[in-house]
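With the hints as your guide, set chain B onto chain A.
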Amino acid sequence: MRQRAGWRRSLKATRVGRAYLVITVGIGLGALNTGNNLLYLVLGFLLAIIVLSGVLSERVIADVRVKRLLPEGAFAQERFALRYEVSRVKGRAFAVKISESGGALDGWAWIPTVIAGTPVIARADVTAPRRGPLKLGQVQISTFFPFGLFEKSRNVFLDEVLLVWPRRGFYCEPPEADSGRLTGESGSQRHRDGGGDIQGLRELGEFEDARRVHWKKSASAGKLLRVEREREDRKQFTLRIASDSPGEHLERACEETAALANRLLAEGNDVGLEAGGRKIRPASGPGHEKRILSALAGLGYGLPPAPEPTR
Amino acid sequence: MNLAARKSLRLRLRDLSAGAAFSAVALSGALPLPFTGLFAIAFVLSLWGKRPFLNLRLWSALALLAAAVALFGLVSRGDLDLVVAAVGFATLVTAHRMLSEPTPATDQQVLLAALLLMSGAAALSGEVWYALCLLAFGVSACLSLGLAVVEGPLERDEDLPVAPVLRQVSIGVGIALAGGIAFFILFPRLSWNVAARRTGAGLIGGTTGMSDTVRLGGGGDIKTSARVVLRATLEPSPRSDRLDRYWVGRHFDLFDGKEWRGSGKWGRPTARVSFGPADGALVQHIELLPAYESHTLVGLAQPISFGPATALSNTGSSPAMLLQVGTEEVRLAQDANAFTYVVHSRTDFPLLEEDDAKLQALQELPQEIDPRVAELAATIVDQATAPEEVAAKLERWLQRNLAYTLELPGEVDDPLADFLFERKEGHCEHFATALAVLLRSRGIPARVVGGFFGGERVGERFVVRAGDAHAWVEAYSPVRGWMTFDATPESGRGSRPPPLAARLVDAYERLEELWRSRVIDYSIVTQWDFVRQLVRPPERAASDDDGHERSAAASGGATATQAIFAAAVGGGLVALFWRRLRKRGPKAHPASGFLIEIERRLEALEVVRQSGEDLEALTRRLEDEQHQLAEPLGRATRRYLEARFGARPLSKEERKVLLAGLDPSR
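Keeping their order, the protein sequence lines are chains A and B. The first sequence maps to residues 1 to 311 in my numbering. The second sequence maps to residues 1 to 666 in my numbering.
Think of the hints as simulated: they come from the structure by calculation, not from any bench. Glycine residues also receive a C-beta, built at the ideal position from the N, C-alpha and C atoms. Among the clues, some could well be false.
In silico SDA-like links for lysine to any residue, alpha-carbon gap of 20 Å or less [claimed, not checked]:
1) A/Lys12 / B/Leu112
2) B/Lys424 / B/Thr233
3) B/Lys258 / B/Gln363
4) A/Lys90 / B/Arg167
5) B/Lys50 / B/Arg12
6) B/Lys424 / B/Ala378
7) A/Lys67 / A/Gln77
8) A/Lys217 / A/Gly205
9) B/Lys265 / B/Gly326
10) A/Lys12 / B/Lys50
11) B/Lys656 / B/Arg600
12) A/Lys90 / B/Leu166
13) A/Lys90 / A/Pro133
14) A/Lys90 / B/Gln168
15) B/Lys7 / A/Pro112
16) B/Lys258 / B/Glu411
17) B/Lys7 / A/Trp110
18) A/Lys90 / A/Ala62
19) B/Lys424 / B/Glu490
20) A/Lys90 / B/Val162
21) B/Lys265 / B/Ala333
22) B/Lys258 / B/Thr213
23) A/Lys279 / A/Tyr301
24) A/Lys90 / B/Ala378
25) B/Lys656 / B/Trp578
26) B/Lys652 / B/Gly593
27) A/Lys90 / B/Trp578
28) B/Lys393 / B/Glu411
29) A/Lys223 / A/Asp209
30) A/Lys67 / A/Phe157
According to the in silico footprint, chain A covers these stretches of chain B (three or more CB under 8 Å from chain A) [unchecked claim]:
31) 121-130
32) 330-339
If we strip away everything but chain B, and leave its shape as in the complex, we get:
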């Protein structure tokens, strides 16, 4: 490859690495848009081979200085975060160097500035994209540096083979990545990850399905979404891989025939909200992800207390305040990219005093409700009067006689009547509405609950997807209090089997969850567990109190990590052994040992050999001297030569017999 081609390749690799580093920053969403625009322009110009700063060194340097001063001013005024400003300045430096004279020194400056960008992105982003950007940056930067190094201090227009250089550097980068991962795993963590920042929901936006109202009509596209909206660590952790439990979000008590709304009044911001004693409650550490674009807190049924909560934004983390909206919901009082909070839940409902006025309101139906609804309720319920019995009958009837579907095109005037009497199919909101209205028509206080149903284990945590969004009903009995009823057929409760696109999203989410659990949240506790797993034999599958088998998924990740670690160690040992084997010289001929033994015995017998005298010459001399060793030495010598050069191997017995003639003790 000639000089021009090599230079072009080197510069493209350099630009690619800078682009990868900047992508890591840009994907964090923390950098102001003008920086992105400036870098994009510089990137395109550089790829195009245009270097506008080639003859504008002084002016461009002054512009850079002015930008530094401006950024410093913004930081000191509190208008810009320090890390963001630093990353922004590194972006400008990278762009400036890319558009300057392309020398090896400039290349190195670009790559160093890009390295600063990668470091800044590490502080700004925690997304799985960062790994890809780091990989792209590392590979292209190393290749670019490798090419520059082979080029030497003086660029000479001669053909140089580039492929061997790239091959060797690529292998090296692969090893470096493996080494980096090993360092990451083994280096003891001395502090907790306090600098992680959270990015926004990205280009796709939020898809949670949680809203302030539940409006009948339209399809249930949300059910196909595989995006993870929350992750939860449960204490004690269930052993099963699927939870199949209700995650309560908010309650809706007002129905106008088409839409459910809440009627609760907003309380004052507080750090914690409690509905009752949390003794023996299931503790959930929940992380609401950027995809969860709602302020409603969720918790496994039935949540007793919420808080404390932390808001995660581009500029770091801060305590978040909570708002209690009656007994309907608990909301976050501020905006942020993501939140973490703690929820305590019990399997039974909190002992809330429900006043008559409220219970009366929960029985109200709009005037324009179809009279056939009440007739249907009466028909189904028959003679039953107990609320739990009525609810159970209605629930069963709806599950058996109506079908679940997400295909609901077009708007209708009375969606409930359409669902019950015309179309006879709908999704969870239709079923929940129907059950609540039927219950109310029988004088039983009922409300619709919005939240999620499901939860599957990924690593040590459970994830809930947007497709798990669900609606169900709570009915009140004066004797037993609140009870949960779900009229939706079981097949329609969780997320629907996703099509190809949803599968891709699902794969991405799983990857991101793996990234988050294995990398972002890697801590000294994880390290300790890892080391303990390495030194201790694996335990047999244990059973929990419920008789559930220990989660295969939970142990699968650890087993995979161990397998990778063991494979790496094993591979290293094999490589070391092979290298040692190869380093050894040619194997000595078996007869050489015989010769050495003859010489050793001659020395012991004090037979002095003259300079340059081989065994044959020595034998002749001893024969001339009529020495008693002449005959056995002659035989041994002849046999040695046959074995060594005549392809007549020497057996052990023969060797013993021959050496016996040269025994020093005789």
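Next comes chain A alone, as it looks inside the complex:
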């Protein structure tokens, strides 16, 4: 990450600022036309306010430092919190607005005041327009201070990449589980021994696997009780995206896959992914979902999938 401060400033009149300018021009014309000295006095004051706005707003934005605090990832076209750490070396800054320049992310963070030596974390609710690695370049530091007539901005170069996960769109039908409609833990590659956490005991049903009987408790209860474990009904799915050539089709496939992975994982299944010539083994958990989402985010952009956790 590099932070370079440009010297260029941009100035934009706000709505009230535009009205102010129109009135100022009107008063100026009136003063020139009539020679009324009081109008000249008012005009002088109005013009001085404009100059002062420029000076004070420069004082505010010139010394503001910004650090982007990126989230691990964000869903496309969904609001997410992007945080900025805003600090200042000397003096105070008022009415600071931080946003991403160039329209990469819409939304902005507002900081009423920044005191030197006390960094402020500001949150911007922003939306990323599309899936994929999003290159974030310039951060725009703006202020309306002191009178809200103009918005003065400067850009700071903060080159970073935000991984935008695909939007979790609609899905049609879940695919078949890898091993058909299996019961118990027979479909689980890692928990074939039935070693999941014990959830409770219940009477063994007809045709149920006798290997799950808790013999000690059954003896004391006088009936066959079986152990119920988490992931008892786990299924294993491998989601596949055949083509990774960019286009609308790929986007829809990614969105559907992301939605499907989310649903299947929420139901307690293991989910894997095969896409773009890479494979993520079926597993579960929120970390695993992020791996799948990150892999989907990079699909079509040539990004390697996130490494799987070591065991």
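Frame of chain A; chain B shown alone:
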């Protein structure tokens, strides 16, 4: 400060700024009373936190539209001035917005509408109050805007420090005001002030002391009034600060024992009135202020011609017609808030043919006049017969034997006899009456003149106050014509030393005069003079033909302006210099220059340093290589380190000796 407190403060500041803007309009006196009432109600409701238009958006907007249509109708019918109508509508918009939902956007609308009010007031008013209103408006509006800006687009109920915001905005407003004044002074005026309107006399009303009759009796309260009733620019301008001359208003020739009146017949309205040739006359550009609530024109004794005149009213300025009333006075033929006109005056009286009938009338006395008056005149005059000698004797006697006072409680049947024989004290009207009656009793035509005595310089002009109102006598001699005599002791001629209240009025009048001369009447000529004073060295005090020193007051204002300007420029330069100084980084250590010179010489000697090799390492390497520079470099390096880190400063000579060992030319 929490959100509710911040919002309350912001709204109060907003309302205050709107109130200040409206005050500027209201003080002009041009706005019809219903607008004032409506705004006052809106102001109170808004301060009280009541927003009746919160849920009546459509209806209130329709009412506003209807008001706009009505105002347009009044303007198109000629019943209302366009500027007044526009200001009235801006008043309604401001009030409407104040009573609507208080959002930051509404605040901005209120302030913009208030800004329009301030602009309108600039066209309607020229009073010094405008400056105060502009100041109050500017400060409170800027503070309100500053608070709204820091609040941000979304109001969040969190504590925010307000004091730093207000402090910084206040400093900014101060700078903006200074900048505005600088712009005002320096921006070239391309046109004359043709849009200035004049307000009325205000709540105090007129206090001129000029009336159509002079009635004896009562006190002389007018003498304590410090209100300025007229301002005059004189060409050529006397150098003195005080004029101490008579400003003739009107003559009174009929006396009934208690009251003086005029007998002249009113002529037809005319643009100019002339009594004789105005060659070599003193030209006076006179401005009768709203406090001068009379139609009589005045001019320095003796006025030869009057006109042209201009009437200044709320709706602008227009030429004013004059009425000549015999030779007694010249009157303005119309009503207005103020007037400007030109008078030409000469020191001698105009050569007027006085017929016998008129002179006879000027000797008449009422039947009921006390016989002791004639006896007194005879006693004083003794054997003298020449009118000028008689008048001089009577004048001197009255000045020496009767006292001047303004304390004259109660009415008396014969005020002249009471003055001459009982109380033996009175004010200028008593003295003038006594002298005129005594002269008439001796068969000398005499009349009382009402006007002013005095005039003091304020800036480039002379001002005359209501307290300068005075009465004196003109006596006629067949040989020398009309002559002026003043029986009032000198101490009672001008305005009396004012008490505290009068001092305050005096201070206000002076402020207003300063405001008028420095701001309202500021022109390209003033600018040119100002620039010329800046670029030219000040001239030594000059003397005019009469040997009078150049007026300190006249040059004082310019000097003060120059001082302020110079202080502002000087302050700006100091601030710039200080800022530059502060921007500089930490000062380099004196030994650093020595190090740089060593490195430069090593480079010149083509001693190549390896990457990351400091001078000590280089010295060791050169020693290993038995290089001839090893020894001088070692000494220089060691000395550098001592000077830099060992608190042993390096003298110039030592430095020279050490560097000599590393001389590339050797």
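Verification of the supplied hints:
In summary, the hint linking lysine 12 of chain A to leucine 112 of chain B is supported, as the alpha carbons are separated by about 19 Å, within the 20 Å threshold. Between lysine 424 of chain B and threonine 233 of chain B the CA atoms are separated by roughly 39 Å; this puts the pair beyond 20 Å, and the hint is violated. As the CA atoms of lysine 258 of chain B and glutamine 363 of chain B are separated by approximately 16 Å, the hinted pair is consistent with the 20 Å bound. Between lysine 90 of chain A and arginine 167 of chain B the alpha-carbon distance is near 17 Å, which keeps this suggested pair within the 20 Å criterion.
Under the criterion of a C-alpha separation no larger than 20 Å, the hint pairing lysine 50 of chain B with arginine 12 of chain B is consistent with the structure, at around 13 Å. A C-alpha spacing of about 18 Å is found between lysine 424 of chain B and alanine 378 of chain B, which places the hinted pair at or below 20 Å, so the restraint holds. Restraint check for lysine 67 of chain A and glutamine 77 of chain A: the C-alpha separation of about 24 Å exceeds 20 Å, so the hint is violated. Of the pairs offered as hints, the one joining lysine 217 of chain A and glycine 205 of chain A holds, with about 16 Å between alpha carbons and a cut-off of 20 Å not exceeded.
Straight-line distance between C-alpha atoms of lysine 265 of chain B and glycine 326 of chain B comes to about 5 Å, which keeps the hinted pair within the 20 Å bound. Proposed proximity of lysine 12 of chain A and lysine 50 of chain B is contradicted: the alpha carbons are some 35 Å apart, above 20 Å. In summary, the hint linking lysine 656 of chain B to arginine 600 of chain B is supported, as the alpha carbons are separated by about 15 Å, within the 20 Å threshold. At roughly 18 Å between alpha-carbon atoms, lysine 90 of chain A and leucine 166 of chain B fall within 20 Å of each other, so this suggested pair holds.
A hinted pair counts as satisfied when its Cα atoms are at most 20 Å apart, and lysine 90 of chain A with proline 133 of chain A does not qualify at roughly 36 Å. Between the alpha carbons of lysine 90 of chain A and glutamine 168 of chain B the distance comes to roughly 15 Å, so the proposed pair stays at or under 20 Å and holds. About 15 Å separates the Cα atoms of lysine 7 of chain B and proline 112 of chain A, which keeps this hinted pair within 20 Å; it holds. Distance check on the hinted pair: lysine 258 of chain B and glutamate 411 of chain B sit about 11 Å apart at the alpha-carbon level, within 20 Å; holds.
Between the alpha carbons of lysine 7 of chain B and tryptophan 110 of chain A the distance comes to roughly 18 Å, so the proposed pair stays at or under 20 Å and holds. For a cut-off of 20 Å, the pair hint linking lysine 90 of chain A to alanine 62 of chain A stands: about 11 Å separates their Cα positions. Distance restraint check for lysine 424 of chain B and glutamate 490 of chain B: the Cα-Cα separation of roughly 17 Å lies within the 20 Å cut-off, and the hinted pair is therefore satisfied. Pair hint lysine 90 of chain A plus valine 162 of chain B holds up; C-alpha atoms about 19 Å apart against a cutoff of 20 Å.
For the proposed pair lysine 265 of chain B and alanine 333 of chain B, the alpha carbon gap of about 14 Å is at most 20 Å, so the pair holds. A threshold of 20 Å between alpha carbons decides the hint, and for lysine 258 of chain B with threonine 213 of chain B the separation of about 10 Å falls inside it, so the pair holds. About 16 Å separates the Cα atoms of lysine 279 of chain A and tyrosine 301 of chain A, which keeps this hinted pair within 20 Å; it holds. Restraint check for lysine 90 of chain A and alanine 378 of chain B: not satisfied, since their Cα atoms lie roughly 93 Å apart, outside the 20 Å limit.
For a cut-off of 20 Å, the pair hint linking lysine 656 of chain B to tryptophan 578 of chain B is broken: about 35 Å separates their Cα positions. Using a Cα cut-off of 20 Å, the hinted pair lysine 652 of chain B and glycine 593 of chain B holds, with the two alpha carbons roughly 12 Å apart. With a C-alpha separation of about 17 Å, the suggested pairing of lysine 90 of chain A with tryptophan 578 of chain B holds against the 20 Å cut-off. Our distance criterion of 20 Å between C-alpha atoms is broken by lysine 393 of chain B and glutamate 411 of chain B, whose separation comes to about 30 Å.
Proposed proximity of lysine 223 of chain A and aspartate 209 of chain A is supported: the alpha carbons are some 15 Å apart, at most 20 Å. The suggested pairing of lysine 67 of chain A with phenylalanine 157 of chain A holds, with an alpha-carbon distance near 10 Å, which does not exceed 20 Å. Only residues whose C-beta sits within less than 8 Å of a C-beta in chain A count toward coverage, and the segment 121-130 of chain B has 6 of them, enough to reach three; the restraint holds. Three residues within the 8 Å Cβ limit are the bar, and the segment 330-339 of chain B against chain A gives 0, so the coverage statement is violated.
Hint compliance for this structure: hints 2, 7, 10, 13, 24, 25, 28 and 32 are broken, all remaining hints hold.
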